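Line by line, the protein sequences give chains X and L. Everything in the first sequence is counted per numbering that gives the first Met the number 0, starting at 0 for the first residue and increasing by one. Everything in the second sequence is counted per numbering that gives the first Met the number 0, starting at 0 for the first residue and increasing by one.
Don't read these hints as lab results, they were simulated from the structure.
One copy or two, either will do: identical chains are not told apart, so a pair holds if it fits within one copy or between any two.
With a straight-line Cα cutoff of 20 Å, these simulated SDA-like cross-link-like pairs (lysine to any residue) come out: (1) K397 / E325; (2) K397 / D322; (3) K329 / L392; (4) K397 / Y321; (5) K274 / I107.
Since this is a predicted model, take the numbers as computed values, not measurements.
For reference, the chains in residue letters:
Number of protein chains: 2
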Amino acid sequence: MISYETSQNMISLLSIGNVRSERIFLSSALGRILAEDIVASEDYPLYPTSAMDGYAIVHSDLESSETLMIRGDNPAGADEVGRVTSGACIKTFTGSLMPKGSDTLIPIENVQVEGEQIRIVKQVSCGFAVRPVGESYRKGEILISKGAKIGFAEIGVLAGINRVMIRVAQRPRVAIIATGSEILDIGEESRHAGQIRSSNSYTLQALVDTLGGESVQMGIVGDDKAAIMERFEEALHSSDIIVSTGGVSVGDYDFVKHIVPKLGAEVIFKGVNIKPGQHVMVAQRGEKFIISLPGFAYSSTVTFILYAAPLIARMLGVENPYDVIEATLKVPFAKRSNKSEFTACNLSFVDGRYWVDFEGKKTGSSAILTNLLGNTGLMICGEEDGDLEAGTLVRVIKL
Amino acid sequence: MISYETSQNMISLLSIGNVRSERIFLSSALGRILAEDIVASEDYPLYPTSAMDGYAIVHSDLESSETLMIRGDNPAGADEVGRVTSGACIKTFTGSLMPKGSDTLIPIENVQVEGEQIRIVKQVSCGFAVRPVGESYRKGEILISKGAKIGFAEIGVLAGINRVMIRVAQRPRVAIIATGSEILDIGEESRHAGQIRSSNSYTLQALVDTLGGESVQMGIVGDDKAAIMERFEEALHSSDIIVSTGGVSVGDYDFVKHIVPKLGAEVIFKGVNIKPGQHVMVAQRGEKFIISLPGFAYSSTVTFILYAAPLIARMLGVENPYDVIEATLKVPFAKRSNKSEFTACNLSFVDGRYWVDFEGKKTGSSAILTNLLGNTGLMICGEEDGDLEAGTLVRVIKL
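Just chain X, with the same shape it has in the complex:
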């Protein structure tokens, strides 16, 4: 069995080709990954603009005079702005263009209006409350770089430069196949006690969605070689990545591990010295990947996070699907194996640091999905680590 570190290295070396892109409307862009640099096509603001409500003036007038004649009104959005000449001012509002000839905005709060003129009560510096050309950005500036995730501010900036259509990374299509004759689908009526309600397909679909992929549910297939082969072949036609659960262990009915090579796929690795999920298998056929996960709920979820998530991220042009952070153990931790272990933990942020504990987490088999509920991280213990004392700094995958 290879080590966790070797397996991660092999995943990062897989050739996945270029990021494929598509053009979408801004209204669908939230959460997508940019596939182009967004460059300013002009300065913003393009003209000096008022940042307050007040009067546009020539600053040098303040040296010789305490009063200025009001020569009109310049509401925001006006087409004709007028020109300020020496000894005069134009009333100008937040967001209005500064009238030609003016260089300073004296706020309403700083003047007294006396009929047709204003009296300056409190002086300001030259250029006060004027947004200079290019205050926000200059023509040619890269505003948002390729690979950025589009959040609320990105949406606003794109709207502000009138970008209706945006080039983003296509969502990788991830086909999900659950194998196992015992599996009962959601909504299906149980016929006998030997059937187990499926959760894997839906957990994995939610992970695919969260990571920005597009999931394709291929359903459940029993432990039947021909049926599994057919379902995988079908999935290869309609997806970039196949993720399957079950059928990779040492049992007589674990057919997936035998079938994948028969599909003409090259096995990149089979078996990693990790807990949970040591039987995980990654294979490649052409530009498509097959990631065969164990069947237990906790194992399949963790191995998806370790092996499928980085591939989905790379196809989107994103470096890492999850942040790995340092945290401090609040309690001792008993290591259970000589493998790299991934343990569901509670993650809290108190006194400027992240803390790890296991309150409410159950120990037992790798079937316990409930351990991943809530504000959870995956604590990483290395192969060589032994039991850890409270206070130890550990690395945690932040989910």
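Please arrange chain L on chain X, whose structure you already have, making use of the hints.
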């Protein structure tokens, strides 16, 4: 003007009524907020289940005998499981029910098969590799609590207990109105230089979506009293919260601040000693809220985060819309006013701590939305704070 702390207190005291709920399909539940406790209706697993591939045995047999007769095969999903009697075993696979009479699973790796019998090569403890009844959870246990955000693990657990329909909090409807005669909508052709491309409505829509609300775009309305009044009245009929931008400052065309009271709404507060966004106004009419934000892009975004986001969160049954964390200033910070200031900053996590810097952030007016791009936080400086030295611990709203 009231202080930031007072304004937040007033927001938290607003009576918003009970969380309204609705039933949705599991397939739409990702990211929604649970409006019911999810309780286990039975133990899981309901019967002792095999956690590995091997042979189901009676553990006490190991004391007297090194070999056991193989009495059949128990694949996962089988209806008839058989019974293990003393001196015999049944081949049993991961996920299979344990046959009656057996108490231990001896893994394939621990035995040699000799014709019709197995020879135990390596002993195990009693109960080995058997998932006991209720290992994951017990009947009556609360699996997921009301108010939890539904993530991938919640989806999996809900699927595992066969919950097709889920009760979640209804998305609060948030109507967005942009006011200002200067505003040019996205896609609209510019007619003259005095027009400014709108971004507020789209930034705020993205924020509403991100927070779990449902946005209703009411469009742009010019600085016209009757038109503004009509648009607000329309929005009150179709939403729980109205968020407007512009029209709350001291200019002659700032009509929103006058119109809101005329709609029969009670002004909760108008004006807070914060920067940006001091003119923000919050009002209530019956069960509906009107949050009137300033017009500048940075001001409207920040005040939305401070005043609209907590209301949306409360309507969903969520305590806080954002985490407020402690971070360390990497560089000195010059405070610009005697207000509570909210400054866009870069947030990094290095050496177990969060760090704040302002690299690439521009100083200038409150119009600079680009400062909120990327991995940004809002650093909070209190009214009484002065300039801050590098190394100071500061509070940051994590966006």
